[in-house]
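*Asks:* Just so you know, the sequences run in chain order A and B.
Take 299 as the starting number for the first sequence in my numbering and just add one per residue.
Take 60 as the starting number for the second sequence in my numbering and just add one per residue.
In short, the hints are calculated from the structure, not lab data.
Beta carbons: idealized from backbone N, C-alpha and C, even for Gly.
In the DSS-like style, the derived pairs of lysine-lysine whose C-alpha atoms are separated by at most 27 Å in a straight line are:
| no. | chain 1 | residue 1 | chain 2 | residue 2 |
| --- | --- | --- | --- | --- |
| 1 | A | K494 | B | K106 |
| 2 | A | K496 | A | K300 |
| 3 | A | K494 | B | K73 |
Pair by pair, the computed Cβ-Cβ distance ranges are:
| no. | chain 1 | residue 1 | chain 2 | residue 2 | range |
| --- | --- | --- | --- | --- | --- |
| 4 | B | L446 | A | P362 | 54 to 64 Å |
| 5 | A | D324 | B | K261 | 53 to 63 Å |
| 6 | A | K556 | B | F62 | 54 to 64 Å |
| 7 | A | P364 | B | L266 | 42 to 52 Å |
| 8 | A | P362 | B | E116 | 32 to 42 Å |
With the Cβ distance kept under 7 Å, some of the chain B side facing chain A (calculated, not the full set):
| no. | residue |
| --- | --- |
| 9 | F71 |
| 10 | S74 |
| 11 | L112 |
| 12 | A121 |
Spelled out, the chains give:
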Amino acid sequence: MKIVCCVKYVPDATADRKFAADHTVDRVGVDGVLSELDEYAVEEALQIREGADDCEIIVVTVGPEPARAAILKSLQMGADAGVHVVDEAIHGSDAVGTSLVLAKAVERQQADLVLCGMASTDGSMSVVPAMLAERLGLAQLTFGTEVAVDGTTVRVRRDDDAASEIIEATLPVLISVTDQANEPRYPSFKGIMAAKKKPVQTLTLADLGIDSSEVGTEAAWTKVEEMRARPPRSAGTIVAADDGAGAERLVEFLASQKFI
Amino acid sequence: MRFELSPEHEDFRKSVREFAEAEIAPYAAGWDREHHFPVETVQQMGKLGLFGLTAPEEYGGAGEDGDFTSLCVAIEEIGRVDQSMGITLEAAVGLGINPLLTYGTDDQKRTWLPDLVAGTSLAGFGLTEPGSGSDAGATRTKADLIDGEWVINGNKQFITNSGSAITSLVTVTARTGARDDGRPEISTLIVPTGTPGFVAEKAYDKLGWHASDTHPLTLQDVRVPEANLLGERGKGFAQFLATLDDGRIAIAALAVGCIQACLELSVQYAGERTTFGVPIGRKQGVAFQIADLKVMVEAARALTYRAAALKDSGASATVLREAAAVAKLYATESAVTATRIATQVFGGYGFMEEYPVSRFYRDAKVLEIGEGTSEVQRMLIARSLGLPVE
Ligand SMILES: Cc1cc2nc3c(=O)[nH]c(=O)nc-3n(C[C@H](O)[C@H](O)[C@H](O)COP(=O)(O)OP(=O)(O)OC[C@H]3O[C@@H](n4cnc5c(N)ncnc54)[C@H](O)[C@@H]3O)c2cc1C
Numbered sequence: 299m300k301i302v303c304c305v306k307y308v309p310d311a312t313a314d315r316k317f318a319a320d321h322t323v324d325r326v327g328v329d330g331v332l333s334e335l336d337e338y339a340v341e342e343a344l345q346i347r348e349g350a351d352d353c354e355i356i357v358v359t360v361g362p363e364p365a366r367a368a369i370l371k372s373l374q375m376g377a378d379a380g381v382h383v384v385d386e387a388i389h390g391s392d393a394v395g396t397s398l399v400l401a402k403a404v405e406r407q408q409a410d411l412v413l414c415g416m417a418s419t420d421g422s423m424s425v426v427p428a429m430l431a432e433r434l435g436l437a438q439l440t441f442g443t444e445v446a447v448d449g450t451t452v453r454v455r456r457d458d459d460a461a462s463e464i465i466e467a468t469l470p471v472l473i474s475v476t477d478q479a480n481e482p483r484y485p486s487f488k489g490i491m492a493a494k495k496k497p498v499q500t501l502t503l504a505d506l507g508i509d510s511s512e513v514g515t516e517a518a519w520t521k522v523e524e525m526r527a528r529p530p531r532s533a534g535t536i537v538a539a540d541d542g543a544g545a546e547r548l549v550e551f552l553a554s555q556k557f558i
Numbered sequence: 060m061r062f063e064l065s066p067e068h069e070d071f072r073k074s075v076r077e078f079a080e081a082e083i084a085p086y087a088a089g090w091d092r093e094h095h096f097p098v099e100t101v102q103q104m105g106k107l108g109l110f111g112l113t114a115p116e117e118y119g120g121a122g123e124d125g126d127f128t129s130l131c132v133a134i135e136e137i138g139r140v141d142q143s144m145g146i147t148l149e150a151a152v153g154l155g156i157n158p159l160l161t162y163g164t165d166d167q168k169r170t171w172l173p174d175l176v177a178g179t180s181l182a183g184f185g186l187t188e189p190g191s192g193s194d195a196g197a198t199r200t201k202a203d204l205i206d207g208e209w210v211i212n213g214n215k216q217f218i219t220n221s222g223s224a225i226t227s228l229v230t231v232t233a234r235t236g237a238r239d240d241g242r243p244e245i246s247t248l249i250v251p252t253g254t255p256g257f258v259a260e261k262a263y264d265k266l267g268w269h270a271s272d273t274h275p276l277t278l279q280d281v282r283v284p285e286a287n288l289l290g291e292r293g294k295g296f297a298q299f300l301a302t303l304d305d306g307r308i309a310i311a312a313l314a315v316g317c318i319q320a321c322l323e324l325s326v327q328y329a330g331e332r333t334t335f336g337v338p339i340g341r342k343q344g345v346a347f348q349i350a351d352l353k354v355m356v357e358a359a360r361a362l363t364y365r366a367a368a369l370k371d372s373g374a375s376a377t378v379l380r381e382a383a384a385v386a387k388l389y390a391t392e393s394a395v396t397a398t399r400i401a402t403q404v405f406g407g408y409g410f411m412e413e414y415p416v417s418r419f420y421r422d423a424k425v426l427e428i429g430e431g432t433s434e435v436q437r438m439l440i441a442r443s444l445g446l447p448v449e
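Using the sequences and the hints given, assemble the complete structure.
*Replies:* Laid out in structure tokens, this is it:
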């Protein structure tokens with residue numbers, strides 16, 4: 299079995315986030331990491347491999363030079379090989395453009411299973427897995443909280459507020475997993491040393507047969523018009539409880555804010 | 060000259076730090092308060108491969124890739140959030156696994172190492188006795204070879220990882236006869252924990268390291284097979300000296316983690332706490348002390364990783380002994396000073412158990428005592444300088 303994991307390099311959420319002059323996220327000038335939500339996809343792939351006889355995991359990332367760190371971390375966790383699509387023309391691509399590049403890169407792998415995280419921790423769009431499945435003509439089982447692969451049958455559990463459902467499909471499929479799916483492992487020293495020797499292929503748009511006019515800022519369907527730093531936290535509302543009616547007032551407040 | 064850790068060691072540091080911050084830091088104060096030894100966390104550390112950094116692959120270790128330097132990185136990072144778990148790892152590998160690796164027969168290694176390396180079991184190292192600490196050669200514990208079995212009698216004091224729910228064995232030093240020169244012959248024996256007559260007595264009530272497992276041991280007519288001799292008969296003294304040399308580097312790494320914690324906590328607090336209308340970090344009296352912490356952590360780290368690098372490059376025993384003593388002495392005494400400074404920076408809050416500095420303050424002191432006191436380190440250094448010190 300061959301699994302492709304799509305992983306994204308994102309600015310470290312614990313550091314200050316910066317934007318470039320064209321309103322895109324600055325991915326070069328800041329410390330970046332493998333998107334935490336993609337660690338769940340990598341872990342899921344590793345667990346599937348543990349239960350399979352013969353299974354190879356390829357991680358694919360689209361992003362500038364430093365994005366290689368996202369591949370490296372995945373390889374340190376245990377994936378077998380990496381594919382890095384890097385091309386200046388990709389800069390400024392939106393989800394539509396990104397999914398095109400990913401689709402072309404993933405297509406070449408002839409994977410049985412494509413795994414994605416539920417969203418990126420920077421864009422938080424959650425649409426790339428769906429777009430990618432559509433482009434690849436794969437069944438999509440998104441937001442999985444439990445994944446079981448049995449021969450060519452894949453069963454995924456989805457939990458939402460009202461109900462849980464189990465959906466099933468036959469390989470090949472695309473799955474996105476949530477942060478409830480597993481506990482991603484920390485790379486061991488052995489894994490870190492092994493990753494040094496694992497192959498990473500670098501591809502350009504030309505290698506994938508994509509015309510640069512199809513991607514990037516110009517081709518994007520969406521545009522960031524304006525942005526502002528998050529306002530500093532306000533003082534908040536204090537619900538007084540000394541007269542014994544605090545709980546009632548708290549419920550009223552939560553209801554008025556549509557939290558409940 | 061360039062002296063720095065490899066990118067892989069730095070990546071490993073990140074990985075252990077993430078682990079330590081998520082799986083240990085939030086619970087450390089609670090374990091300390093409850094004097095609780097968290098077996099599950101030890102096993103998680105095992106899953107991360109921390110116990111196998113110096114072991115060959117056939118026993119589940121990191122093999123060729125692993126080294127002493129990576130072990131020091133792991134101990135430093137665990138020790139940065141919790142000294143108790145740091146010493147648990149240090150003793151498990153430095154005192155538990157390493158003697159078996161170095162002196163064990165294939166059979167002994169196959170029997171014990173896989174579980175120890177996986178972190179599903181722990182081994183203790185029983186050298187110290189009520190009447191023999193710094194003077195470890197004065198061991199009173201006796202082992203007689205009777206009908207193909209060693210019969211061991213004696214007491215051991217302050218033995219780390221010796222009485223936990225997952226302790227599988229303790230190696231003990233014992234007199235096994237007299238040498239030609241009349242001095243006692245000392246050998247090392249492997250004592251599995253279930254052996255009748257072996258008792259790990261009630262855990263100590265300690266000043267610090269509350270979550271670390273330390274017990275006095277009683278050995279009364281403990282019988283183990285002749286094959287449980289570890290290494291050569293009569294080589295026990297030389298073996299533990301070598302074991303302690305390596306262990307001291309690892310203790311120095313634990314001290315570096317402690318100083319690093321003091322530094323980070325102090326920098327943060329000095330920026331937040333205001334007195335007389337300004338953050339206390341504006342006061343030179345505070346800021347300069349924190350600057351000293353930076354010097355201590357850098358110097359201690361450099362000495363520690365230099366000693367680890369010497370160990371990894373196969374330096375001679377004499378070179379290693381001196382480097383280990385220098386690193387241990389400086390790093391541990393700095394750690395005690397650093398906790399005193401950090402506690403002072405925190406003022407009254409530093410004396411409260413709600414703040415981690417107070418825990419580090421209590422934990423640091425023993426660094427100057429275990430695996431050779433500061434006086435013993437000074438003695439070793441003076442001797443290596445050729446001084447006629449006693
Ligand atoms: C929490 C903890 C865990 C431990 N874990 C282990 C373990 O796992 N295994 C193990 O075998 N041991 C362990 N030890 C024991 C430790 O190694 C000894 O306590 C240490 O070596 C000192 O021995 P002692 O306590 O008998 O002190 P002593 O040797 O009695 O020393 C008392 C004082 O005299 C000084 N002194 C002694 N001799 C000299 C000299 N020649 N010149 C100058 N000064 C001298 C010492 O430096 C010290 O200040 C542990 C100890 C503690 C506290």
